[in-house]
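Student: Residue numbers (the numbering used here), protein chains in the order written: chain R, 1 to 423; chain U, 1 to 285.
Do not take every clue at face value.
To be verified - DSS-like, lysine-lysine: derived pairs with alpha carbons at most 25 Å apart: (1) R:LYS33 - U:LYS283; (2) U:LYS33 - U:LYS118; (3) U:LYS49 - U:LYS33; (4) U:LYS118 - R:LYS33; (5) R:LYS241 - U:LYS283.
Said to hold, decoys possible - So the derived list for chain U, only partly shown, Cβ under 10 Å to chain R, looks like this: (6) SER32; (7) GLU34; (8) ARG37; (9) LEU39; (10) ILE41; (11) VAL46; (12) ALA100; (13) ASN112; (14) LEU115; (15) TYR120; (16) PHE121; (17) PRO279; (18) ARG280; (19) LYS283.
Hints listed in this document are in silico derivations from the structure and should not be mistaken for laboratory results. Each residue gets a CB set at the ideal place from its N, CA and C atoms; glycine is no exception.
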Amino acid sequence: MMEEIARPEKAAYTGVGPAPGTVAVDGVWESFKIYSERAEGIRDRLFAGRKNVAEEFWALQGVSLTLEPGDTIALIGENGSGKSTLLKVIAGILPPTRGTVHTYGRTASMLELGAGFHGDLTGRENVYLNGSILGFSQSYVDLVFDDMVSFAGPQVSEAIDRAVRTYSSGMYLRLGFAVAVHLQPDVLIIDEVLAVGDAMFQKQCFDRIHELKRNGVTIAVVSHDLDTLSSLCERGLWLEKGGVRHEGTAIDVVDRYRQHIVELQGGGEVGKWEGGAIYGNGAMTIDNVHLITDESHDGVTTGDRVVIQFDVTATEHVENPVFGMIVRANDGTYLYDTNTLWRRQHTGSFDEGDVASVGFAIDANLLPGRYVCTVAASRSDGKQVYDWHTDALGFDVVGDFIANGLVALAGEISVVPSPVVGR
Amino acid sequence: MSAPTLPLPDVPPSPVSVDSERNGNVRELIASKELLRNLTIRELKVRYKRSALGFLWTLLNPLMMMAVFTAIFSTVFKSSIDRFWLYFLTGYLPFAFFQASAQVATGSIVGNANLVRKVYFPRSVLPLAVVFSQLVHLGLGLGVLLVALSATGEFRWIQYLPALLFALVLLAMFSTGLAMLLAAANAFVRDIQEFTTVAFLLWFYATPIIYPLEAGSDNPIPATVLNAVRLNPITQYVQLFRSALYEFRWPGLPTLGAATFSSVAMLAIGWTVFHRLSPRFAKEV
Chain R
1 MMEEIARPEK AAYTGVGPAP GTVAVDGVWE SFKIYSERAE GIRDRLFAGR KNVAEEFWAL
61 QGVSLTLEPG DTIALIGENG SGKSTLLKVI AGILPPTRGT VHTYGRTASM LELGAGFHGD
121 LTGRENVYLN GSILGFSQSY VDLVFDDMVS FAGPQVSEAI DRAVRTYSSG MYLRLGFAVA
181 VHLQPDVLII DEVLAVGDAM FQKQCFDRIH ELKRNGVTIA VVSHDLDTLS SLCERGLWLE
241 KGGVRHEGTA IDVVDRYRQH IVELQGGGEV GKWEGGAIYG NGAMTIDNVH LITDESHDGV
301 TTGDRVVIQF DVTATEHVEN PVFGMIVRAN DGTYLYDTNT LWRRQHTGSF DEGDVASVGF
361 AIDANLLPGR YVCTVAASRS DGKQVYDWHT DALGFDVVGD FIANGLVALA GEISVVPSPV
421 VGR
Chain U
1 MSAPTLPLPD VPPSPVSVDS ERNGNVRELI ASKELLRNLT IRELKVRYKR SALGFLWTLL
61 NPLMMMAVFT AIFSTVFKSS IDRFWLYFLT GYLPFAFFQA SAQVATGSIV GNANLVRKVY
121 FPRSVLPLAV VFSQLVHLGL GLGVLLVALS ATGEFRWIQY LPALLFALVL LAMFSTGLAM
181 LLAAANAFVR DIQEFTTVAF LLWFYATPII YPLEAGSDNP IPATVLNAVR LNPITQYVQL
241 FRSALYEFRW PGLPTLGAAT FSSVAMLAIG WTVFHRLSPR FAKEV
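Let the hints inform the model, and build the full structure from the sequences given.
Tutor: Structure (structure tokens):
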């Protein structure tokens, strides 16, 4: 069931000063003290020689950034580049060591789902508590409570009056996410919390975040999933060692960042795709992802039937695993997503060491351009990922099909003279 | 299916955009009163969540302590104190509130590290929620005490209720100040938590809960020690509680003055130190 997402009218802002949703980060430096051995007791604090107590580490080095209401920005960079620190500075968790940060309006941070849930309290009690921790009133939570619970799914709504201690980790995350996305802040801060739950729930979450975006919420996101970032965000900021390396549109920044990664790894072969995130619990592993093309000619031409094929190896006994794949355009636009669960295709039983070859045949009714494929294997209910390869495969579609857009809906064009009446 | 409900903002869009106040001032705290209330309720609910008697423990605990001490002091030590049970409870209840507030609050920042690192909210609500939940426990304890007094035919306390309420406010202010001070310090130096256990044991004996404050032939405590005990701010609060519920007379101005001074000073120190240190909590816990 696809719920209709409520969209409150955003009143036109006619006030004084920056509009709610504005964020102004000006010349921010943030230092951390690194203790060689974490000194937390009195003895360490008092007696440790000054020189070895703390080493100063500047996580942010003069970052400036202005967000207008409704802006969506992706923060990109390697681990330790300062992107999470910048989010925390915007959220007000870390006051800047130097420089200033101003956020106007209400800010909600999604840095951890269900932060502040207490195991001994019921789901309902935790929802209200979490709401007030994020800065929303009881009466506001009252308004969105039903939507929130139905968003979290039937399992959670049945258990809403039980202690969350009894919830499965999936239910816990669903409820945490539902709370976070149903409160409508002026500024929303998201750190690596988008990949929760099964594919269906993820889709639900993305729809909701897109909805918030359309409602004019200012969003700042950190994620390792570059495709997600470029489809969700308009703007991009690439941080390197605490400074801004590049700023521009999200697509541009993601491209440059990808290129940089390829260069770092010694230059990619032409045509070899530098894949995205790989994760999963490893009960099955995927390798040898490749494309089988029409043998009559080289490459892929619009309309060809091609097969995306990969090998799976079970490292333990698994029953009826789900295999899936996603095709995206190079800019991250989500084009096609299918799997054996949705297609009701039984995949059989695998023992440790069993290998199989999985092939997804598709009709590449795609206009010339670059496309990328994500492949995955997961548990029979789709809720636990065995192995997920984001953008494991990239391919170019060539041809002389002249049209704009992404898909070749083909068909002929007819021009038939009409009988003219009353000449 | 009914029409989807619109989640409307609880406040009309303000004509002036507000720069998030993250300075930890009083206004920010007042704006967070619902959070404070919810955290207080969490403290209360969670404490007895998995015990069979639940909230009854709030009442049973001081009653059992009273029974133990009354038994010891009426048989072993033969205390000369008149109505020892009442003398004990009027000292023990305020002290227990003070101790629990300060001790539980000490761990409130470190114990909620997950929240402190991930969400911004005025940090002072964490120790304050502890103090408020303890205030509920103290209120219940005092309620039972008043019922017990009335049951013995004693109704003079009614007249002194204003003095009792004033004493409560002063004690709560002092406890809040110390709770904030310890909570903040513990975020940086974890030894505080260990240290408080011994400190409060000493503090218990440095407060006239089980012995009289007046020197005399029947008081085993030397006068010099009693003079030191008088300097203990909690002694002043206990005296205020006793004048309303044990001696049934208005407290003397010197006691009132000293207690007010201690309360204001402690709250000012705790509040200032806490807000000086709170911006660094997220990095330290």
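Student: Each hint needs a verdict: does it hold in this structure or not?
Tutor: Results of checking the hints against the structure:
no.: 1; hint: R:LYS33 - U:LYS283; verdict: holds, 9 Å
no.: 2; hint: U:LYS33 - U:LYS118; verdict: holds, 20 Å
no.: 3; hint: U:LYS49 - U:LYS33; verdict: holds, 24 Å
no.: 4; hint: U:LYS118 - R:LYS33; verdict: holds, 19 Å
no.: 5; hint: R:LYS241 - U:LYS283; verdict: holds, 19 Å
no.: 6; hint: SER32; verdict: holds, 8 Å
no.: 7; hint: GLU34; verdict: holds, 5 Å
no.: 8; hint: ARG37; verdict: holds, 8 Å
no.: 9; hint: LEU39; verdict: holds, 7 Å
no.: 10; hint: ILE41; verdict: holds, 8 Å
no.: 11; hint: VAL46; verdict: holds, 5 Å
no.: 12; hint: ALA100; verdict: violated, 19 Å
no.: 13; hint: ASN112; verdict: holds, 8 Å
no.: 14; hint: LEU115; verdict: holds, 5 Å
no.: 15; hint: TYR120; verdict: holds, 4 Å
no.: 16; hint: PHE121; verdict: holds, 6 Å
no.: 17; hint: PRO279; verdict: holds, 4 Å
no.: 18; hint: ARG280; verdict: holds, 8 Å
no.: 19; hint: LYS283; verdict: holds, 6 Å
Hint 12 from the list above is the single one not met by this structure.
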